[in-house]
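With chain U fixed as given, assemble chain W onto it according to the hints.
Protein chains in written order, with this note's numbering: chain U, 34 to 531; chain W, 135 to 251.
No wet-lab data here; the hints were simulated from the structure. Owing to the predicted nature of the structure, the values given are computational and were not obtained by experimental measurement. Be aware that one or more of the hints could be misleading.
[Stated by the list, open to error] Derived pair list, reagent style DMTMM-like, types lysine to aspartate or glutamate, alpha-carbon separation capped at 25 Å: (1) U:K123 to W:D202; (2) W:K162 to U:E440; (3) U:K465 to U:E440.
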Amino acid sequence: MSALPLATSFLQQQSFLDVLYIIAFALFIQGLRGLAGPTTAVRGNRIAALGMAIAIAATLLQPGEHRWGLIALGIALGVAVGVPAARQVKMTAMPQMVALFNGVGGGAVALISWVEFRRLGSSYGSVTVAATESDVGRFHGLLVGHPAVPTYVAIFSVFAAIVGSVSFWGSNIAFGKLQEIIPGRPISFGSAQQVVNLVLLVLALAAGVDLIAGAHSQLLFIGMLVCAALLGNAVVLPIGGADMPVVISMLNAFTGLSAAATGVALNNPALIVAGMIVGASGSILTNLMAVAMNRSIPAIVAGGFGGGGALARAEGAGEHARTVKSTSAADAAIQLAYASRVMIVPGYGMAVAQAQHAVRELTKELEKRGVEIAYAIHPVAGRMPGHMNVLLAEADVPYDQLEEMEEANQEFGRTDVSLVIGANDVTNPAAKNTPSSPIYGMPILEVSQSHSVIVIKRSMNPGFAGIENELYYEPETSMLFGDAKSAVSEITAELAQL
Amino acid sequence: MTILASVLTTNLAILVLAGFIGFVVISKIPNTLHTPLMSGTNAIHGIVLLGGLLLLALPEIAPVYQLDALSEALLVIAIAFGTINIVGGFLVTDRMLEMFKSRPKPSAEKDEGEDKP
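Bound conformation, chain U alone (with noise of 0.2 Å):
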């Protein structure tokens, strides 16, 4: 219809709307920044928090038809189901919380995408190298009006629509992990695992060349989603649990790259910056844990530690049937008493029992005492990046006794006691001395270095990764077995009976 009026309207709104989102992208890489340094966090966060509002706003404020009730219904109902959650969820369930807001997000990409195909898809192929923009109407970025549907558009989107897919899919299996709805061990077709991603891969992308090229098929689109869905699943489903920071760190930054390129399909500028700026932090972030295990991230995504973890387990089992000292919360109590320095080498096993109240008050027993503190923490240690500094930090560990792993293997010599709660492949000497483990080569934290060593374990079954530990069977170790957080207070109590 009339072009002229929208074309009036659009540019007379563009320029204002431009500012606005140019404000939102200062204040989301001032607040990135900002996360960046302790100190600085905090206000980091709500300055990234405000710019989103901005963003919105702006986006509100724009002129057109807006379907305020359907818009006002999407609104509150994610405020409904987000804000309980992000308010009411524990600190230790913290990692499959952020892989389902981070899996919601996926979503959202997939979903827009899949609108787009509805909306533009029968245009997709029409056109035409040739068209210029004045062929194309534009509302706020947005084609309409015109049948010519650029090539970039189309590839655009249809990539957005299978990362967001993969990213919705693979984090709810993260969640469902974590969360133990579906167990954490890994789950796969075994030898036919890299074939079945590689085959469902190629369906996915296949079906997204013949989408771009001109397939006018809805059956199609769906398909390629499935496929992507489909892939997501399988490729966090053999993932270990000990693998899991460096899986959700890169969903993350696979959700902020769809929502880039869903930013460039809609001719977005606030979508491609905010998705790129989370693309590219959450890329480093991952290729950090990926270093912090020793283990590429191919490999981590091509599977789990499941095959050569069984194998290895089996080997160990089946040559020497080794014994363990177990040791009581009494004598373990004595021994912590009068030690002048313990280490405190937390892991999941410590999230999953919630004891990091518990071991703040054993450790305000034992400074009474005299006893030097730290605690060793591993960058990979529980399952998401810095997931024990969160717990230990709820607590109200003071932030100097958290030592990082090179800090922490240079104390362990001079350290009397050890106490490893719930932690168990980043201590595994097996990393540095079996060429055959499937671990071997991850920087570990050295606790066999120090005098002695009290692990806290559940029982003797091996952890998410399922390889035997080594440090259990040495002679300086001796094991506390039980849940760590009545674990840890038997000791306490035993401790004030001193």
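Structure of chain W alone, referenced to chain U:
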């Protein structure tokens, strides 16, 4: 051709530059902040919500491009998802960071009431 290409090039330029900014800003982060950083950036990609908002404001100028009921339903879900991502992400990050806040000062006892919900 040229104008259309310039829209694409502009967007690609923005894409690349934003990527560099992301790399530069987050080049060095202490372990402590890995979780808040991830969950903060996680909230930011909820911005895809804007796409849903714009689509639901489309004027119905050409019948071909009207949103049908299914499209509208999909967009409502997309907006709900995006909102969960944004609101939940920022709130959770804020909660986590509040716990780190009093860390450098040894007198953390006062805040204890707030830390335990």
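Keeping to a limit of 25 Å between CA atoms, is the pair of K465 of chain U and E440 of chain U held or broken? At roughly 18 Å apart (the allowed maximum being 25 Å), E440 of chain U and K465 of chain U satisfy the hint.
Holds or violated: K162 of chain W with E440 of chain U, Cα cutoff 25 Å? Roughly 17 Å separates the two Cα atoms, so the pair holds.
Please verify whether K123 of chain U and D202 of chain W have alpha carbons no more than 25 Å apart. Violated, at roughly 41 Å.
Checked against the numbered hints given earlier, this structure breaks only hint 1.
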